[in-house]
Amino acid sequence: MSLLPGIGAMLIFPGGLSLLTASLLYEWADHKLLALLQNRIGPRWFQPFADSVKLLAKEEIVPKGVDRWLFFGLPLVALAGALTAGLYVPLAGLAPIASFPGDLIVVLYLLSLLTLGLGLAGANSLDRFSLIGATRTLTQVFSYEAPFMMALLGPALAAGSWQIATISAYASGHWLALTQPLGFVVALIGLMGKLEMPPFDAPEAHTEIVAGAMTEYSGRGLALFNLGKAVELFIGLTLISALYLGGVENPLLFLAKTLGLLLALTGVQALLTRLRIDQTVGLWWRYGALLVLVQWLITILVR
Amino acid sequence: MTENRTPRRFTIPIGPQHPALKEPGAFQFTVDGEVVTNAYVRLGYAHRGIEKAAEERNWIQNLYLIERVCGICSHIHALAYCLAVEQLANVQAPPRAQAIRVLVAELERIHSHFLWMGVAAHEAGFETLFMYTWRDRETVMDLLEGLTGNRVNYSANLLGGVKFDVDAAQADSIRTGLEFLEGRVRHYLDVVSHDATFLQRTRGIGVMTTAQADVMGAVGPTARASNVVRDLRVHAPYAAYPDFPVSIVTDPRGDLEARFSVRLRELFESFRVIREILDRLPAGELAARMPRRIPEGEAVIRLEAPRGDVFYFVKSAGGDQPERLKIRTPTICNLTSVVRLAVGHQLADVPMILAGIDPCFSCNDRMVQVRKQSDGSQELMTWEQLRQHGIEFYRGKAQ
Amino acid sequence: MKKYATMLPDIAGSLFKRPATEAYPFVRSQAPMRLRGLLKWTPGPCTGCGLCAMDCPADALRVTMLDRKAKKFFLTYNVDRCLFCGQCVVSCRLGALAMSSQEWELAALTREAFTIRFGKELDDQSGLAGGPQGEPHTDRS
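Residue numbers (the working numbering), protein chains in the order written: chain V, 1 to 303; chain F, 1 to 399; chain A, 1 to 141.
Heads up, a few of these hints could be off.
[As the list claims (entries may be wrong)] List of simulated lysine-lysine pairs, DSS-like, C-alpha gap at most 27 Å: (1) Lys71(A) with Lys40(A); (2) Lys64(V) with Lys397(F); (3) Lys32(V) with Lys17(A).
[As the list claims (entries may be wrong)] Derived Cβ-Cβ restraints for the label pairs, each shown as a range: (4) Asp32(F) with Pro5(V): 52 to 60 Å; (5) Lys2(A) with His235(F): 31 to 39 Å; (6) Leu263(V) with Asp142(F): 28 to 36 Å; (7) Leu94(V) with Lys2(A): 24 to 32 Å; (8) Ala256(V) with Arg340(F): 52 to 60 Å; (9) Leu263(V) with Glu179(F): 26 to 34 Å.
[To be verified] Anything over 12 Å on all C-beta distances counts as not near chain A; from chain V, calculated: (10) Leu20; (11) Ala22; (12) Tyr26; (13) Leu37; (14) Phe46; (15) Leu55; (16) Phe72; (17) Ile97; (18) Gly102; (19) Val106; (20) Tyr109; (21) Ser112; (22) Leu182.
Just so you know, these hints were derived from the structure itself, not from any lab.
All C-beta atoms in this analysis are idealised placements derived from N, C-alpha and C, irrespective of residue type, glycine included.
Next comes chain V alone, as it looks inside the complex:
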């Protein structure tokens, strides 16, 4: 039966444990690159691992008045959504573990599960900072989600399929980043919005609202949310490399392309100031949506 190798692929390699490990290494790469750009040393390679282990070992404080099921369940749902999304993307340059027509849409929704989980978790707490953080998270979702999705569907239009494996194979021939530059830019910036990376980190602006939706979380819940974000970073980079940067046929190309993208993301992180939440919404609904619609128009006309 092909169940055992399937389960092995899901839990050990390339999904599950390997996915978690790779995600934490990419999180380290992000922090280290940012540090180098800021002329400082930055953390050592095992820092995200150490953080996760430490948080998992700590006492989890449950604030008064929260719904306990939601409080403990939402981080699990968030991480589960992120890990499940990994089943359908070409991790490490290998073929996706599972693939079916339309899995691009499924992956996009699974990735949103984390953000929605975060928003709900913030709304669950009675703390004022969490409430404002939750409001900002959900506002931000409403702003970047549509352009981001449309930007990722641009290559789908060009390839004529909603299946990631097919689009990836189609993109191996040519770099869609060059033929659909606007979509590429929107996808990249959209990924930053989804990951709540600066300059779109208003939902967790710690100089304003301490930690936003995650303020009341500690111990295991916080560790799971952080792991979920790291996994999302990894999957997001994989997705954009596969769709826009000419596919990821082998592990070496995969590494090169995703790290190159990470460098670009980190560069943008370092260069811009945090945007206020109303400025984020304004930016996305004015320029983001416009750019991606123009890109769609061009793609459709050219075909």
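Since the structure of chain V is provided, determine the placement of chains F and A on it from the hints.
Chains F and A only, in chain V's frame:
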């Protein structure tokens, strides 16, 4: 968590423990959605009783106590104290000492403005500017360490003069350091005046008109950014400022961008003054003799700290300990502006407005009396009572 | 005129430069000559006048007189109270005190390491052996 939970209107506490504040102060902002509708501030968390402690130490020991009122303007506080005591004793510090005092004061101003720029950029979310300004701040701290012996709390002053001299090698290293810093300040001025995303967070935010600045009593660069022409180095020159004058830097716009611009352009004045002092350092001694018992009298000294007006009142009864020492620092004048200006702005702008006045809570703290809301009564506890209260409180919690 | 990515030259340059962080303790830069480190006492000039103890803002120095006529005394220096302000160096008119610029890493694991005795050998011994109690010089009555 005592406030009402009427829909979409609640109170956000910023402080006394909050990542936006580097020192404790309790702000409460009532927000409606994201817009601030009311603001309230309460101080007293870093009150240390320095004015009272000064009455139990002799004049020389007080110099070091006063230095520790604030970490970033420590030299200015020590200088104010020295000038006051010298005025009481009718002793003039020699011109070389006064010039060196001004040299260290201007280096401290450079340090303070670099530090502030980093912190303000951090509040805005511009981490890169924060990291780079603090990296460059290391240069000025190394200069101060080489000159005075310590990076902070320079301990440069003596009653009657200064402790150390500036020799040729020191002067050269200072000049080299200043060249580097001046280039960086030019670059940062370009960044804060032109960077599109940074301007989105500073242009037109926290606007304070000249009239408002007058009414609220704002001082220092915060006021000068609202076109208030007031700089005590020019209007009430002290130490060596009559010989090495400074020009006032103002800005008519009154918003956060203007505050950035004023502080950075002030640094060019500091660079110029330091170079002048190094070129024309008067010859002479480093300190004059001061008596151990200071004659009876009162002295009032006003200085321009990096944050604004510092006011010192020193009263002597003729002994070797002061009778009364009163310190008023600039942040307490500027806090009203934060509370008034925050109303109507978005919550995200509030840390920036707070950072714009360059707050230093440890300088400005006072004893605060808290009255019960129900009947207006106050409860005063002695040290022993407070200790007992704490023991019982935690004993009760454990059960 | 608004520019974008104004800090690009900085971050692009940093990729090719060494980080500005000093890798202490693997790398130790030279401390400046005037650094106010640990207080050092020279026995020769000292007469036990106690001006240093009187002027110390942190009460870190105490002079214990064992025999005033024979000029036997020792000083106790509490490093954990010291502010490293340097006032004692200035107050001493005989030049017996100086602050080291080499010894500034003063962390210790025990409290005892922070009490340093300055004394001519015999005075130190008699003080340590619980000799005559002597009068400590303090500034506060």
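Hint-by-hint comparison with the structure:
no.	hint	in the structure
1	Lys71(A) with Lys40(A)	holds (20 Å)
2	Lys64(V) with Lys397(F)	holds (16 Å)
3	Lys32(V) with Lys17(A)	holds (14 Å)
4	Asp32(F) with Pro5(V): 52 to 60 Å	holds (57 Å)
5	Lys2(A) with His235(F): 31 to 39 Å	holds (36 Å)
6	Leu263(V) with Asp142(F): 28 to 36 Å	holds (32 Å)
7	Leu94(V) with Lys2(A): 24 to 32 Å	violated (45 Å)
8	Ala256(V) with Arg340(F): 52 to 60 Å	holds (55 Å)
9	Leu263(V) with Glu179(F): 26 to 34 Å	holds (33 Å)
10	Leu20	holds (29 Å)
11	Ala22	holds (24 Å)
12	Tyr26	holds (19 Å)
13	Leu37	violated (4 Å)
14	Phe46	holds (18 Å)
15	Leu55	holds (26 Å)
16	Phe72	holds (40 Å)
17	Ile97	holds (36 Å)
18	Gly102	holds (38 Å)
19	Val106	holds (36 Å)
20	Tyr109	holds (33 Å)
21	Ser112	holds (29 Å)
22	Leu182	holds (17 Å)
Checked against the numbered hints given earlier, this structure breaks hints 7, 13; the rest are met.
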